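Just need the whole structure built from these sequences, with the hints factored in.
Read in order, the letters of the sequence shown are residues 1 to 143 in my numbering.
Worth flagging that the hints you see were computed from the coordinates, not collected in a lab. Worth double-checking, as some hints may not be accurate.
What follows is a set of in silico ranges between Cβ atoms, one per label pair, in the way DEER data are often shown [stated by the list, open to error]:
hint	residue 1	residue 2	range
1	35	99	38 to 48 Å
2	94	34	32 to 42 Å
3	46	109	37 to 47 Å
4	128	89	18 to 28 Å
5	46	107	38 to 48 Å
6	82	31	52 to 62 Å
7	126	102	41 to 51 Å
8	89	125	19 to 29 Å
9	109	75	14 to 24 Å
Calculated cross-link-like contacts (lysine-lysine; reagent style DSS-like; alpha-carbon spacing at most 25 Å) [stated by the list, open to error]:
hint	residue 1	residue 2
10	85	95
11	95	135
12	135	85
If you're wondering where the values come from, they're calculated on a predicted model, not measured in any experiment. Note that CB positions come from ideal geometry on N, CA and C, so glycine has one too.
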Amino acid sequence: MFLSGRTAAPTDTDRPARRRSRGQAMVEFTLILPCLLLLILGIYQFGQTYADYIQVTNAARDGGRKALVSRGDTNGVSDAITAAKNATWWLDTSKMSVTVSPGQPWTQGQNVTVTVTYPYSISLLGLVVASGTLKSATTVRME
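Written out as structure tokens, the structure is:
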């Protein structure tokens with residue numbers, strides 16, 4: 001007798017077990033889904049905070065560069081602050097704090113530090129999990 005590649009048709013006794021298996025998988029997925037979404041949301045919030053920190057660091061570097069080339073300029077401090085605030089593209093500059101120390105006049109060989117701070121908060125579903133201040137400083141030596 002020649003057998004074809006077909007399998008036997010499922011019997012009525014096999015169907016309830018298959019349905020129970022699908023139902024079990026759906027219940028397990030429903031139980032895991034909120035935890036998975038919360039984890040993804042936390043990863044997103046952490047990534048956003050890290051991107052903000054990169055922006056703060058970039059702002060401090062740009063402010064330091066501007067201070068370095070503004071040694072003889074009478075508006076060197078305000079130029080460095082403006083350069084630091086303009087270096088960010090999505091941070092709220094009204095919340096950003098930029099300090100330049102020491103003040104002018106700057107002399108050759110003197111160290112000037114530009115410090116940028118920005119507040120952050122990580123919230124999951126409206127609940128603040130962590131908050132604080134992102135801070136970065138760049139020190140340049142006047143030439």
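Tested hints:
{"no.": "1", "hint": "35 with 99: 38 to 48 Å", "verdict": "43 Å, holds"}
{"no.": "2", "hint": "94 with 34: 32 to 42 Å", "verdict": "36 Å, holds"}
{"no.": "3", "hint": "46 with 109: 37 to 47 Å", "verdict": "41 Å, holds"}
{"no.": "4", "hint": "128 with 89: 18 to 28 Å", "verdict": "25 Å, holds"}
{"no.": "5", "hint": "46 with 107: 38 to 48 Å", "verdict": "43 Å, holds"}
{"no.": "6", "hint": "82 with 31: 52 to 62 Å", "verdict": "53 Å, holds"}
{"no.": "7", "hint": "126 with 102: 41 to 51 Å", "verdict": "43 Å, holds"}
{"no.": "8", "hint": "89 with 125: 19 to 29 Å", "verdict": "28 Å, holds"}
{"no.": "9", "hint": "109 with 75: 14 to 24 Å", "verdict": "22 Å, holds"}
{"no.": "10", "hint": "85 with 95", "verdict": "10 Å, holds"}
{"no.": "11", "hint": "95 with 135", "verdict": "13 Å, holds"}
{"no.": "12", "hint": "135 with 85", "verdict": "14 Å, holds"}
In this structure, none of the earlier numbered hints is contradicted; all agree with it.
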